[in-house]
Each structure stands twice: as structure tokens, then as C-alpha cells.
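**Q** Starting from the given sequences, assemble the full structure and let the hints guide the process.
Protein chains: 2
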Amino acid sequence: MQKIDTLIHAKWVLPMAPSQRILNQHSIAIDEGKIIACLPTSESHQLFDATNVVTKDQHILMPGLINNHTHSPMNLLRGLADDLPLMQWLNHHIWPAENKVMNPDVVELGSTLAIAEMIRGGTTCFNDNYAFPLNTRNAAIHAGIRASLGLLIFNVECQWSNNEKEGLDKAKTILTEHNQSHPLISWTLAPHSPYTVNDAAFLQLKELAEQYQLPIHLHLHETLAEIEMSHEHHHMRPIQRLAQLGLIDQDLIAVHMVHLTPQEIDLLAEKQSHIVLCPESNLKLGSGIAPIKSIIDGGINVSLGTDGAASNNDLDVFSEMRTSALLCKGAAQDPTTLPAHEVLAMATINAAKALKLDHKIGSIEPGKQADIIAIDTSEYWQQPVYNPISHLVYAANPLAVSDSWVAGTPLMKNKTLTTIDTTALSSQIAPLIEQIRPFMYQDKK
Amino acid sequence: MQKIDTLIHAKWVLPMAPSQRILNQHSIAIDEGKIIACLPTSESHQLFDATNVVTKDQHILMPGLINNHTHSPMNLLRGLADDLPLMQWLNHHIWPAENKVMNPDVVELGSTLAIAEMIRGGTTCFNDNYAFPLNTRNAAIHAGIRASLGLLIFNVECQWSNNEKEGLDKAKTILTEHNQSHPLISWTLAPHSPYTVNDAAFLQLKELAEQYQLPIHLHLHETLAEIEMSHEHHHMRPIQRLAQLGLIDQDLIAVHMVHLTPQEIDLLAEKQSHIVLCPESNLKLGSGIAPIKSIIDGGINVSLGTDGAASNNDLDVFSEMRTSALLCKGAAQDPTTLPAHEVLAMATINAAKALKLDHKIGSIEPGKQADIIAIDTSEYWQQPVYNPISHLVYAANPLAVSDSWVAGTPLMKNKTLTTIDTTALSSQIAPLIEQIRPFMYQDKK
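As they're listed, the protein sequences go chains A and B. Just so it is clear: in the first sequence, position 423 is 993 by our numbering, and no numbers are missing. Just so it is clear: in the second sequence, position 57 is 627 by our numbering, and no numbers are missing.
Copies of one chain are not kept apart here, so a pair can be met inside one copy or by any two copies together.
Pairs of lysine to any residue residues, derived as SDA-like cross-links and limited to a Cα-Cα distance of at most 25 Å, are as follows:
#: 1; residue 1: K604; residue 2: Q628
#: 2; residue 1: K841; residue 2: L815
#: 3; residue 1: K742; residue 2: N768
#: 4; residue 1: K735; residue 2: K776
#: 5; residue 1: K985; residue 2: L969
#: 6; residue 1: K604; residue 2: H748
#: 7; residue 1: K863; residue 2: A795
#: 8; residue 1: K985; residue 2: E949
#: 9; residue 1: K863; residue 2: Q658
#: 10; residue 1: K985; residue 2: D627
#: 11; residue 1: K863; residue 2: M657
#: 12; residue 1: K930; residue 2: E912
#: 13; residue 1: K863; residue 2: Q1012
Don't read these hints as lab results, they were simulated from the structure.
**A** Okay, here's the thing in C-alpha cells:
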């Protein structure tokens, strides 16, 4: 009998790799934060003597979900202004509120609020993009969640930097001090968008990304306005410009990608760039519907993001999976496209690949980090469950997630967070909410 | 002080009519199943002496949601077969399973399962369409939920009838015995679809509907295949055929309506027909995306349905509201279309109008039935809540519904159902699930 830290028994295990088959009555053995084995429960009793034995006999165990694009501090602005044109939303509500309240402490608190929501809903890793990333780093480390943090480069004056040079300098400083300084934290270079970053800055940040072998996390082809602006200033589409600058390659995590030509899809596939779809944000802001089927058929690695809570208005990856699958089928008028197991891959192993973390996370395989969630299937309102894979995509509610582990450490037990005091959190954000409230939009009826 | 049955105090009340404004710190007074008053909480203390006082100080009170198209017994087939072409789904999975298990008792049990899910998620009235409606009636009456039940007319042999004549005869018998026999139950004539009902039967059921002043509840223009079939057999589109038969009028509840010309939208608006959108079912089955913006701009009364759990895969009206709003904005590339308060009207007062029940339900107004739900806004994972109206559409989870009343009777208290024993229900459906399981679809990976 091998002594190990934790043994989790479940009704079903969905490992995602090497096979996407569902395994009945299986167990996951964990030691020193890593998955040691995934095996039939009957065999596990013979092989392992675990300090912690957790029995989840009505549950599905699967790799934790990866939210591959969000702006975690913006959880403080959830629902501040809805149903508005993009520029009115930004200029009259979001930016004034951010200018008023955002500072390092508030970013840390807002990130903690987002992390609490994400853990509750089954996310064990998030790819963030916001100012003051060291404070989001603090929040993630404190909560024990895995995070990929963007180093923002932006040619507009903001709380983080006055220009791109300052953003680049801050990125260099952070990487010098903090690259690989904590096992849960990785970094990306995060140029804001093609219309807020100049060519020179793109070249410099690309060099920095190569030096540290980091992905580049970029909003791209989100709106038609962005493409028109690029035509006006650069006489070409943003992707063409980035290709000329040498940024279209396997290190690019291109977010949104709503408006794409077949040639652009071919180019991204050929260069092995990664696409993150944020279908609900794109719908809600009226950006449009990405050509999901063509992107997938083109062979591009696709993952999913919620975007920030100010434009979604939640950080629910289950909902994003469901919306992606439904939207792909509906737009293509083909119910067989983007089946459930493929959309589950987007939210797990595909996302890990984009982050260059697929050697560590994204599936339940021996040697990987024990980032695992349990989904309860026993509640009457979701009965019956015939096929656990389609259940997860088409019927599961994020509140059915009951338990979460990152690197073998429990972050949630039986629907109660273990690393964040949510009552204290609600008290802490209360005065901030009152500072932000004057910026809200009230529709007249 | 007036003696009354129930007084509910809340942080917010959303009456939906006559105003869609949110009311702060208001209370609802209920007596003999009806709403007596909606007034500031401070005033309510002076005016009413209630037997039951319920304080919901972190909650929104609003009219119960109306699920305006479903097939409740099909909850037993939830997730049985997904990601399949429509005909394969029907012929190889759904119909064989129905033929195997559906009978009056199973319909009653399946309806109870659906009703339990609907109450849990804030639905207080549903518009059903299935065989053995007297058994769904039993289930609804036992659970205390309001139901509009379709009397199925179908030219295909099924468990309910061998042909249209038998369906019409059964409808006549039921109406003779049961029309207005219970305050929670109303009826519709439910011809299955244009391709499964002949002209003569349409004319006969229209006459019957007029005799009893009932709506006609019909699947219409759901798929392109339906329209092609109509061209083949009738040399015109289904709506044109129904117009010639005299069925396009204010008694028509036309469900799905994915494929519409501008002329058809004008016709339906002019004739004051009602449209029920089922956006998630239409997406999932690959039927397409309804022209929601054009339908609304045309001035047609629109409400929402989940469709059955076999094709959705849940009965979550919150999700349907959210998907409608998002899809309308995304398809039109305009974030201002279908704002939150309009989509809330679809799920409440508009649905009541289509059912000819708007004198009784759909808003919180004195004299109406006390069909009310409370939504808890205090949980950390949904904080902050700036605008309760947009919160309900863009961020609320159906599991945040905490309490439900129909005609003043509580159906759920603090997230526990009061009229359905959900533990017993799970035991009762267990053997049925095993009978249905052999018909499930398993995707190969």
C-alpha cells in the first residue's frame, strides 16, 4: 500500500486526456499536489493508503475549468451599466468608475471577489488582463487558485501606466522579480488591442515575450469598428498588421476574433495561434457572432473566456460552454457541430495549451497538477443524468460544483469556500460599492 | 388595520405593470390568494395585520415567471440524446423511448419532475403541450402550480390518439368535463404543427377553440424543412396556409418562428398573433436564429418558452431570458436592442397576454392572483447588484430563487419545495430511468 495525501472516489471521472471517455466508479490518487493515478475505485482500495479519503458518490470529477480571458477586478463593476452602446458604456460609466476607485488595494479586493465567484463555479485557473497584476497575484496566491496574469501595455493614460513605455518598463521589472517566483502564477504580455498599441511597442513586447517564452494575450478583431480604425490608420486589417510585425505565431492568444475572413482563419491555423472565444460578451456588447464552426473546422486551438463581469455579467464558464455549443449549432444550422466533448476540451485542455501549461494542467493524468472539480448530479432539478458529458455542457449549473482542488489543496468543500472568508469579503466591498454606485446607468421606462 | 393572510416585505419589488420601475423597500399584501396592495413597507405596517409576515430583506419580489412553451413529461428524457440531426434524434432515441415508457402514470410523474424544476427556478405558470394532459393537470393541481394545458391534435399515431379525429374527440370530451373546473388550470387547442395536421382538422379545431374562447398553441416555422414540406404539399408557406384557413389571429400562440419574412412579421403584427421564442432549443437543434429584433420592432407580443428538457436541456426561464437578450443584441450588432426590462416583460406580462390570462397574472397589481417569486441577491458570487432589473436578466441564477407563491399559497420556502416531496420523487423516477436508458445516445470519441 502506497501512502498518499488524498484519494477521491467518484461515480464518474472525466479525464479529458488521453481519452475523453467517461470512467465509471473511478478514483483519483493525489500526492504532493500531483495526480498519481486515475483508476477503478475497487483497485484504488488495494493500492493506496490515503491521509484524506473523499467520497463523491453522486458526482462527476473532471479537470478544473480554465477561464481563458477575464478582467477579474472588474467584478466590482458587475451590472453597473447594461444595454448601452460601447462608447457610452466606457466613457460615461466604466472608465469614470475605474478612475474613481481603482488602486492596488481595490484591485486585490475586486480580484478576490472574482476568484470567489470562479472557485464557486468550478474554475481553477484564470487568464487575467488588468492593471496592478501584482495585486491580482496576491489575491490568487492567497486564495490558492492558479492564475496567468497579463502585463498590460496600453498607449492610453490609465491608473497603471501613462504610456506604452511605462507599461513595458513595469512588465520588465515584474518579470525580473517575479517570473516563476510562485508555482501557481504564470505571466503573459498583454498589449491591450491593435488600436491602443503602436508598432514599436508591439515589436518591443514581442522581444520581451520571447526572452521569457511567454504568450501574448491580446484583444483582436472584436468589433467592426476596430477593423475600420486599422484600415484608416494602417491601411490594412489588424491581423495583417500583426502578421507583418511577426506576432501571428504559436505564442499568440487572440481573444474575441468575432470578425474573420477565411484567409485569416487559414493563417491563424497555419501559424498555430490560439483563439479565445467570449461568446456572451460579444453578444451582449453587440460585437457580433464569431464564425465558431469555421474556426474549429480550420483546426485552430480554441478555448473560452467569460470576459469581465462588467460586460457579461458573470464569470460562469459552464454558461460560456453552453452558449458556445448552442451558438455554433444555431448559426451553422447543424446540431452535430461542436458536440459536448469538444466544448469541454475548450474549457480545459485547449485552454491549458494556449497558456503553455498543458504539461501541468487541463486533464486528469498522472504527473499533472491535481486541479480537479466535483460536480454534484443528485439534485432533483437536474434529474435524470443519462450522459454525464452532455449533462455538463447542456444542463449543469455552476452552483452544482461542490468541491474544488488546486495542486491538491481544497479550495471548496461541499460548496463552502475554504480559502476565502466570503462574509468578510461582502463587508469589505460594501463601502466600495457605494463609491461606484453614482456611476451606474439607470434605464428610463 | 385590515386583517389579511400574508404580508411580504422586500428590499425591492418589480411589479412589471403598470410601471416597470423597481420599487425600494416595498411590501405586497395578499388576501384570499389575491394581491390587495403593493406599497412602501413603512406604510404597510400601519395598514395591514397579516397572519403570515414574510421578510425578504435581501430579495427582489417579482411576478412568477411564465414558461410559455414546454413538454413537461419529457423531463424524463433530459439529455437522452444530444448533438444529433433532428430526425435521428427523434426516430432513434426520443420516439422509441416515448413509445416504450409513456402512459398516463408516467406522464404524471414526468410532469411532476418538470414542475419541481420549474418551481425551483421561479416559474409559476407553464404552457404545456403533450399527450395525456389530464395527468399533467393532476400533477399541476397537486403541486399548486398554474398551468395552461394543450389538447394535442396530431395526424400521426401516438400514445394519445391514432389520428386527428380521435385527438379532436378527446379535446371535446376534456373541455366538456374540465373547462374552468379548476382555478389553476386553463386550456389551449394544440395542433402539433402544420406538417402533422390537415386542413380539415385545422378548421374543426379552430371552431372548437372559438366555442370555448381558447388560444391555439402551435409549433410554427421552426425549421426550413417544415417550410419546404409545406411548399411541396400545399404550394405555399405554412403561415400563408394558416392565414387562408383563418388561423392567423389574436388567438394564435405561434411557437418558434425561426424563419420569417418581413411580410409575415407584418401580417402577424396586424392580426395581433402572439409569438413564443424558444431560442435555446432552436440553437441546440440547429433550427436557426429567429429575427428577434425585427419581431419586436414589428410590435408583436413576444413571450419565451424553454421547450422540453429533451431538447434544451433544462426548464430555466432565466437562461432563456438571458439568451434572448444576448442573441438579439449579437445578431443585430446593437447592444441597445431588447433591454433587460423588455425581456422581463416577455417572461411575465407578455406571456400572460398570449394565454389570455393577463387579467389574472403577469404583474404585481391589486386584484391579480398572488403569483410571486423572491430572488435572493445576497450571495457573494453575484455581488454587487447595482441595477436589480439587469441583474435578473444578465447575472441571476435560477437557484437564487428562494420563495414562490401561486395564488398566495407558498410552493417553495427558502429554496425548499413545500408541495412536492423531492426525495420521494427521485425514488419514483429511478426505475423509469433504467427503462429509458437503453435508448440513450453515446457519442464515440
